[in-house]
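Number of protein chains: 2
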Amino acid sequence: METDSDLKRTQYCGDLRLEHEGKDVVLKGWVDRRRDLGKLIFIDLRDRTGKCQVVFNPEKDAELHKKAEKLRGEFVIAVVGKIVKRVQANATISTGEIEVVVSDLRILNEAETPPIAINEDGGESEEIRLKYRFLDLRRPAMQKNIMFRAAVMQETRQLLSKMGFIEIETPILMKSTPEGARDFLVPSRVNKGKFYALPQSPQTYKQLLMVSGFDKYFQIAKCFRDEDLRADRQPEFTQIDIEMSFPTPQVIYDTFGKFVADLFKHTIGVDVGKIPSMSYYDAMNIYGSDKPDTRFGMEMHTVSLLFAKTEFKVFRSVVESGGAIKAINAPACGDLTRKVVDQLTEVVVASGAKGLVWGKVNDQGLEGPSAKFFAPETISALVQNLNAKPGDMVFMVAADTTVANKALGALRLEIAKRKEMAKKDQFSLLWVTEFPLFEYSETDKRWSPMHHPFTAPLEEDISLLYSPEYYLARARAYDLVLNGNEIGGGSIRIHSAGLQSKVFELLGISEAEAQRKFGFLLNAFKYGAPPHGGLAFGLDRLVMIMLGLDSIRDVIPFPKTTTAQSLMDDCPSTVDAGQLKELGIRLE
Amino acid sequence: METDSDLKRTQYCGDLRLEHEGKDVVLKGWVDRRRDLGKLIFIDLRDRTGKCQVVFNPEKDAELHKKAEKLRGEFVIAVVGKIVKRVQANATISTGEIEVVVSDLRILNEAETPPIAINEDGGESEEIRLKYRFLDLRRPAMQKNIMFRAAVMQETRQLLSKMGFIEIETPILMKSTPEGARDFLVPSRVNKGKFYALPQSPQTYKQLLMVSGFDKYFQIAKCFRDEDLRADRQPEFTQIDIEMSFPTPQVIYDTFGKFVADLFKHTIGVDVGKIPSMSYYDAMNIYGSDKPDTRFGMEMHTVSLLFAKTEFKVFRSVVESGGAIKAINAPACGDLTRKVVDQLTEVVVASGAKGLVWGKVNDQGLEGPSAKFFAPETISALVQNLNAKPGDMVFMVAADTTVANKALGALRLEIAKRKEMAKKDQFSLLWVTEFPLFEYSETDKRWSPMHHPFTAPLEEDISLLYSPEYYLARARAYDLVLNGNEIGGGSIRIHSAGLQSKVFELLGISEAEAQRKFGFLLNAFKYGAPPHGGLAFGLDRLVMIMLGLDSIRDVIPFPKTTTAQSLMDDCPSTVDAGQLKELGIRLE
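Quick note, the sequences are listed as chains A and B, same order.
For the first sequence, the numbering used here begins at 1 and goes up steadily by one.
For the second sequence, the numbering used here begins at 1 and goes up steadily by one.
If you're looking for bench data, these hints aren't it; they were derived computationally from the structure.
Some hints could be false.
Repeated chains share a single entry, so a pair holds when one copy, or any two copies, can fit it.
Said to hold, decoys possible - Subject to a maximum C-alpha distance of 27 angstroms in a straight line, what follows is the list of computed DSS-like cross-link-like pairs (lysine-lysine): (1) K67 <-> K419; (2) K526 <-> K70; (3) K502 <-> K424; (4) K360 <-> K274; (5) K419 <-> K192; (6) K354 <-> K417; (7) K144 <-> K419; (8) K8 <-> K581; (9) K389 <-> K445; (10) K417 <-> K445; (11) K313 <-> K526; (12) K67 <-> K526; (13) K581 <-> K175.
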């Protein structure tokens, strides 16, 4: 191999433009493609910024041309040359107006034929892509993803720093807590028989940092959960973790609404505007989801009153038994075929509804199998209520409210998907607020915390905690939703010992148990804990959505499979018996 | 407890100045100190920015004054008030010209008497400080340290990003490698009997990222080593990790010399100038150390030639047997007592020297027990050589060169310490370059890599590798030294398969063994690996030295003890038998 020590790169390939015509340049990169045209050899030279064409002309330098004949795809080379205007510009690439006439070539490294093509999508399986991740990452699309992720991280830190948040590192080797998801454990060699755990999140540390008076904290933190993986989960993932002292929910929405808006503006140039907020109750009633996709309408309407006296028995009996009739209008969906409508019916039935009532909107009213059961004035009121237009299609479900919400929520997503109503370059953000403090656990047959037991109730609901309807209390908890995905969430925490005791009591956690589980945090709270709260954003998913991608593995440099393996380096792997002996553990 | 939801903080305590006189403010913070003077109650209110005085006057508001009587140290409060000029300014604090006359007080949380005082150094043991870390971190000095660390991290990322380095996250759950220090292991539940390891550094990943064409990478990375800890080591530590493609050592020195200079300039306002460099060989010969403290002189001089014909037998026999006589001049050390000189002699003897020859410099020459053995012209030449002045003291050691270097190197540090020659606010940086490629392992009785087996040799020493003196080859490896501490180090890596095979052969590593140990990296190198190299800076130590501190635990938010424990949360800890069963492991 040759060396390039005496050659200083002058430019990146992708930066060359016609304005550089006549310049002498030194470029270094990979042979993306070689074409021999007549006597000329053309090389597309590639680096992280893009490609440019370099030319070897045997009439100018026969020896150099001979050397260029050795070049194969993915060879690493350095070229010295002059930029000239191309006779015929190539409008498909940004450097297409120029080419580099080479005067010196160094072959810095050769390459075997790579198992995946770098300059095209060869349709390789994800398994091959992950095994040869170092080559997969060489692909321009993947380079763009990873560089964009870096840009989001830089922008995040700069924005939060400017807002007075202090980046503080918290430990990766921490105490195992029996709450929440499963911990990854790390056996201690020095303290045999004992274990560290990897953090599921820096939750306790960030609350302690508020007790320490840091006032505003953030960290782009690695978190770990040993769960059985779904397609969009990773055993280690990255979150933008934030906590602040003396906040109110409104301060949180304003502060981090602005943060997210600035982040979008500065990285992808998108103005998301002021982020609206909606209570959990409203989100469930209007969208049938606590993470509604608000890129498209199809809001649910409760139309029970319209059908209070209907002759349509199915509706009437539901209304009389305390259920609800809920409707959505699907715009420009009058063309859905009977077959599709049957499939949509399956969606609502899978959510627990008994059936789906539908009607195409026309100039006269509604057209469909159930329309004949409804009085003309009912139809007219319904169409008006839903603001439906001819060519739309109206769907209705009659059921218990929870079931109706769930069924129409699922229906709305299904219709949006089939009709491609959700655009990937549209970004619709929403704060969902006032989550319930408790949720009923069917497994444990009791009320458990919807977030975690330190979540503060709404101030106006504190008195509820002392009543038999304590489980109706709402929390000062919030999620930030983007295009139907929860990209962030958090809460104001309880900082008063009295209120905390009350919540523990309601959750059936004894003082002794609280001490054992959360002792060092409760202990810290004795010495002057400020009111505090915060949130965390899932970086992987946020970046994925910003890029309009479908897999978080495409925005993580070295991801693991759904069986938590790294195919590139065959990890996890067996280890020496000696290593285990030192740790004082044995395999079962 | 009261709430502060309706009160928006207008300012931080420490930011208040006379220019704010007359302003209405809302402050939130901790009661640092309460003083009752006559009828008035004075509170020093503290937040992360500092303190300011707030006053309760019973003649203005008797009820409020009564409430203020309840306040104790570390209570969390919100106050509403007006800024007035103090009658008598307190010049010792930055807010000393003003005070806040309170019109509303909210007690947001009470506090028990903390086990360590926040507003003074109570001389608590480190054990107590670590147990109550959340309170220790509330101390202004610790807050300053952690906030400075955050500033260094922000500046680092901004500088490196501007220089075109891309921040890329590498996995924490990786493959265990049998090389180097001991890995922390993480048992896999999904893949029973297999283990992940926590990274000792992102070394292999950053080299793969170069193969992937990212060109310039950085990361502020958590690293883990399960070693028996010394006072200044932590099981998890943070490094600024960097790699670039197509570098030369000079590019590395220029690029990261500028980075470090900018970092110092922007964070502590210190101009470190252009960082000089010195070969490993010179550093050993002049300072007796590969990490010389260059804040003070006392360079070593080889003066063997002066004593080639001396009558002083000790010197003569050393010179004749091929050893060296080396000398340093200790400026203004003529006042060292005989007792101190005896202690200094112990230092050189501990390094393997037989003894220490010394003489005080006076107008006539040298004064000391050995001076009488030396001819006047020898003394005169010695004094001139060393540029010694009356009042200085000259020290000499005669021994094998390696021993003499080590002995005088240790002596020089000891003298500097005793005479306080090294100032903590002086920052002296040095690149130490051209480290040996190999070092002899007494344990294994063979030559092993001084850094790691991927370190490239100097281009001019490559031919040496094919000779019997291969072990004399120098590496393209470098350290950055600050005030006698290695704060960074790295190398240019081998990227050619042929050269790599040769180095493996010299190290006695068979092809099969290389494949087993480094297979996936060697495999990646087949597909077009660019020349590359990099380095890593130890963030903890860098921040510690920049702050003039002596313990890295004072710049790490939640450090572990030398037995790798966290005293605050009692970690590592025992875990449930069920957790171990799920992981398929048992305790021995």
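Right, here's what the structure says about each hint:
1. K67 <-> K419: neither (56 angstroms within a copy, 65 angstroms between copies)
2. K526 <-> K70: between (74 angstroms within a copy, 16 angstroms between copies)
3. K502 <-> K424: Answer is neither: 45 angstroms inside a copy and 53 angstroms across each miss the 27 angstroms cutoff.
4. K360 <-> K274: Neither. Shortest intra-copy (36 angstroms) and inter-copy (78 angstroms) distances fail the 27 angstroms Cα cut-off.
5. K419 <-> K192: Neither way: K419 and K192 sit 60 angstroms apart in one copy and 45 angstroms across, limit 27 angstroms.
6. K354 <-> K417: Close inside one copy (23 angstroms), not across copies (86 angstroms); limit 27 angstroms.
7. K144 <-> K419: Neither: 29 angstroms inside a chain and 56 angstroms across chains, both beyond 27 angstroms.
8. K8 <-> K581: Neither. Shortest intra-copy (51 angstroms) and inter-copy (58 angstroms) distances fail the 27 angstroms Cα cut-off.
9. K389 <-> K445: Neither way: K389 and K445 sit 47 angstroms apart in one copy and 88 angstroms across, limit 27 angstroms.
10. K417 <-> K445: neither (36 angstroms within a copy, 69 angstroms between copies)
11. K313 <-> K526: For K313 and K526, neither the intra-copy (61 angstroms) nor the inter-copy (74 angstroms) Cα distance is at most 27 angstroms.
12. K67 <-> K526: Classified as between: cross-chain Cα gap 20 angstroms, same-chain 76 angstroms, threshold 27 angstroms.
13. K581 <-> K175: both (23 angstroms within a copy, 19 angstroms between copies)
Of the numbered hints given earlier, the model fails hints 1, 3, 4, 5, 7, 8, 9, 10, 11; all others are met.
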